[in-house]
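J.: Residues per chain are reported as follows:
Number of protein chains: 2
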Amino acid sequence: MSEIVPVWIAVDWGTSNLRAWAMGPEGVLAKVSSDEGMGKLSRDGFEPALLRLIGPWLGGRPPVLACGMVGSRQGWCEAPYRTVPCTPLDRNAVVMAPVTDARLKVAIAPGLKQTSPADVMRGEETQIAGALRLMPGYDGVFCLPGTHSKWVHISAGEVVSFQTFMTGEMFALLSEASVLRHGMQGEGWDDAAFDAAVSDALSKPEKLGARLFSLRAEGLIAGLSPQAARARLSGLLIGTELAAAKPYWLGQRVTLIGAEKLSSAYARALAAQGIEAQRLNATDCTLAGLASLSPMTEAAR
Amino acid sequence: MSEIVPVWIAVDWGTSNLRAWAMGPEGVLAKVSSDEGMGKLSRDGFEPALLRLIGPWLGGRPPVLACGMVGSRQGWCEAPYRTVPCTPLDRNAVVMAPVTDARLKVAIAPGLKQTSPADVMRGEETQIAGALRLMPGYDGVFCLPGTHSKWVHISAGEVVSFQTFMTGEMFALLSEASVLRHGMQGEGWDDAAFDAAVSDALSKPEKLGARLFSLRAEGLIAGLSPQAARARLSGLLIGTELAAAKPYWLGQRVTLIGAEKLSSAYARALAAQGIEAQRLNATDCTLAGLASLSPMTEAAR
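The listed protein sequences derive, respectively, from chains A and B. Residues 112 to 412 in the working numbering are what the first sequence spells out, letter by letter. Residues 112 to 412 in the working numbering are what the second sequence spells out, letter by letter.
Any given hint might turn out to be false.
Copies of the same chain look alike in the list, so a pair counts if it works inside one copy or between any two.
Taking lysine-lysine pairs in the BS3-like style, the calculated list, with each CA pair at most 30 Å apart, reads [to be verified]:
hint : residue 1 : residue 2
1    : K372      : K142
2    : K357      : K151
3    : K151      : K318
4    : K357      : K315
5    : K315      : K216
6    : K357      : K372
7    : K357      : K318
8    : K372      : K318
9    : K372      : K151
10   : K142      : K357
11   : K142      : K315
12   : K216      : K357
13   : K151      : K216
14   : K372      : K216
Derived by calculation from the structure, the hints in this document are not laboratory data.
Take the sequences, apply the hints, and build the full model.
T.: This is the structure:
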């Protein structure tokens with residue numbers, strides 16, 4: 112196996128996971144990951160965790176560009192939020208992490224905050240910056256579905272406003288930790304149940320609280336299948352999000368940035384409302400965004 | 112310590128807890144409880160768990176009257192749901208649990224189900240029956256706040272319809288297991304934050320999804336206190352429940368049956384909407400309901 116000599120190293124360091132890419136002149140040379148997310152590490156645990164993962168790539172002392180919760184107050188070192196409206200990333204605002212290994216030079220991208228309504232993001236700003244490089248001149252809305260979905264209004268290259276929904280986390284909690292878990296084992300899916308639930312939630316979002324327990328009750332007394340229950344829970348939560356996010360998507364150009372399966376669900380729900388959303392791969396966006404942080408790495412693209 | 116010789120024994124056996132009362136001619140003689148709820152027991156574990164708790168009371172072979180999840184399909188033995196509209200309890204519908212100890216005679220009360228919209232209850236039907244004994248001739252609505260809050264429409268001594276909300280479980284999941292937990296440590300409370308959140312959720316229930324993450328964001332960038340965050344989460348969830356349950360309480364006579372602190376929060380939220388709810392103690396209702404299950408125990412009241 113030949114040695115990997117990256118030009119630079121991209122790092123996406125979230126609460127639960129750490130992912131790193133060795134980047135060459137033509138793109139990704141190698142990819143590694145671990146579960147040493149920010150949530151598991153104390154302040155002095157970040158450098159060792161990173162070295163365990165990318166140590167073999169450091170011979171040529173390539174710069175490391177990182178985004179995500181690694182820059183939070185509980186992270187490696189705080190990269191203070193920038194305030195919208197502003198560009199998603201500013202290479203002059205990166206913070207250098209304190210290191211002991213002389214081969215390491217780690218720049219951390221700051222997140223964004225919005226004063227009113229109060230909101231924050233860390234990591235998504237890098238995907239947004241990358242999406243703007245992949246779609247130059249884009250004006251419209253990005254939707255980044257995930258644990259904490261973000262809707263982001265973009266104009267003239269700046270993030271104008273954004274809003275976060277806990278939809279993904281709610282789905283995980285309700286389907287895995289609540290009484291509803293009994294009726295939705297497995298990974299099955301039911302498109303019709305999803306579609307009906309999205310429509311129901313969009314037209315009567317105030318009924319969400321009343322709809323949830325009926326998933327359990329129908330499982331007990333009306334034979335609701337686990338796959339229909341799962342899809343309906345997802346549809347109810349996504350539909351409720353779409354109802355509250357309507358000012359973001361109604362009559363707008365919308366692009367989804369996220370994992371394949373989840374983005375498909377959002378695209379399907381939006382299509383039913385007459386919105387044909389474009390799609391971008393989240394990792395492509397993260398890498399393009401991190402690359403934009405340095406004149407050197409940007410040139411290497 | 113003198114021996115306890117109950118006339119009968121009341122048992123409230125839920126998913127998480129088992130509680131039993133030694134009942135004499137004048138009321139409660141003694142109370143015991145354990146954490147051997149239905150959720151922790153296999154089918155043959157129920158009789159031993161009960162004997163561990165009430166064995167010393169069985170000298171006179173008093174009848175045991177039980178309600179709750181003990182009668183579910185995963186319980187000691189299934190007491191099939193009765194279908195509303197119907198009286199909350201019917202002593203002819205109790206199911207006798209299979210026992211090996213000759214001193215034991217255990218009757219289990221069935222729960223209620225509603226076909227459309229699908230809904231179920233187990234345990235609350237007994238509280239409702241008890242409430243109707245404590246307030247003879249009651250016509251109106253009962254609200255039973257809790258892990259799974261129930262709104263129940265009562266007319267002419269029957270349960271006409273009911274609806275379940277997962278408000279209490281959502282509060283527990285969001286405040287203890289979601290990203291919001293970071294901003295709401297402790298038991299503090301803030302009445303003004305609760306009131307404002309109830310009002311906000313009642314007027315814009317479709318915005319719940321958008322309001323939740325702002326609790327985290329305001330904690331990070333606007334100094335929201337843990338007690339205000341806690342109270343606001345509670346207010347948002349209770350307000351959303353009240354918005355969806357409006358057909359139950361608007362212009363109706365409402366009585367709350369539940370734990371002191373939680374009932375107070377619901378009473379406060381309803382009062383802001385012009386509804387002066389009456390209050391009943393949940394245990395009083397459970398005991399009165401169980402007593403109504405037997406002509407003998409009923410006479411002993």
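J.: Give a verdict on every hint.
T.: Outcome of the hint check:
no.: 1; hint: K372 x K142; verdict: within (21 Å within a copy, 53 Å between copies)
no.: 2; hint: K357 x K151; verdict: neither (36 Å within a copy, 44 Å between copies)
no.: 3; hint: K151 x K318; verdict: neither (37 Å within a copy, 33 Å between copies)
no.: 4; hint: K357 x K315; verdict: both (13 Å within a copy, 14 Å between copies)
no.: 5; hint: K315 x K216; verdict: neither (52 Å within a copy, 48 Å between copies)
no.: 6; hint: K357 x K372; verdict: within (22 Å within a copy, 37 Å between copies)
no.: 7; hint: K357 x K318; verdict: both (17 Å within a copy, 11 Å between copies)
no.: 8; hint: K372 x K318; verdict: both (26 Å within a copy, 25 Å between copies)
no.: 9; hint: K372 x K151; verdict: within (27 Å within a copy, 36 Å between copies)
no.: 10; hint: K142 x K357; verdict: neither (37 Å within a copy, 54 Å between copies)
no.: 11; hint: K142 x K315; verdict: neither (44 Å within a copy, 45 Å between copies)
no.: 12; hint: K216 x K357; verdict: neither (43 Å within a copy, 59 Å between copies)
no.: 13; hint: K151 x K216; verdict: within (22 Å within a copy, 52 Å between copies)
no.: 14; hint: K372 x K216; verdict: neither (35 Å within a copy, 54 Å between copies)
Violated hints, listed in ascending order, are 2, 3, 5, 10, 11, 12, 14; each of the other numbered hints is respected by the structure.
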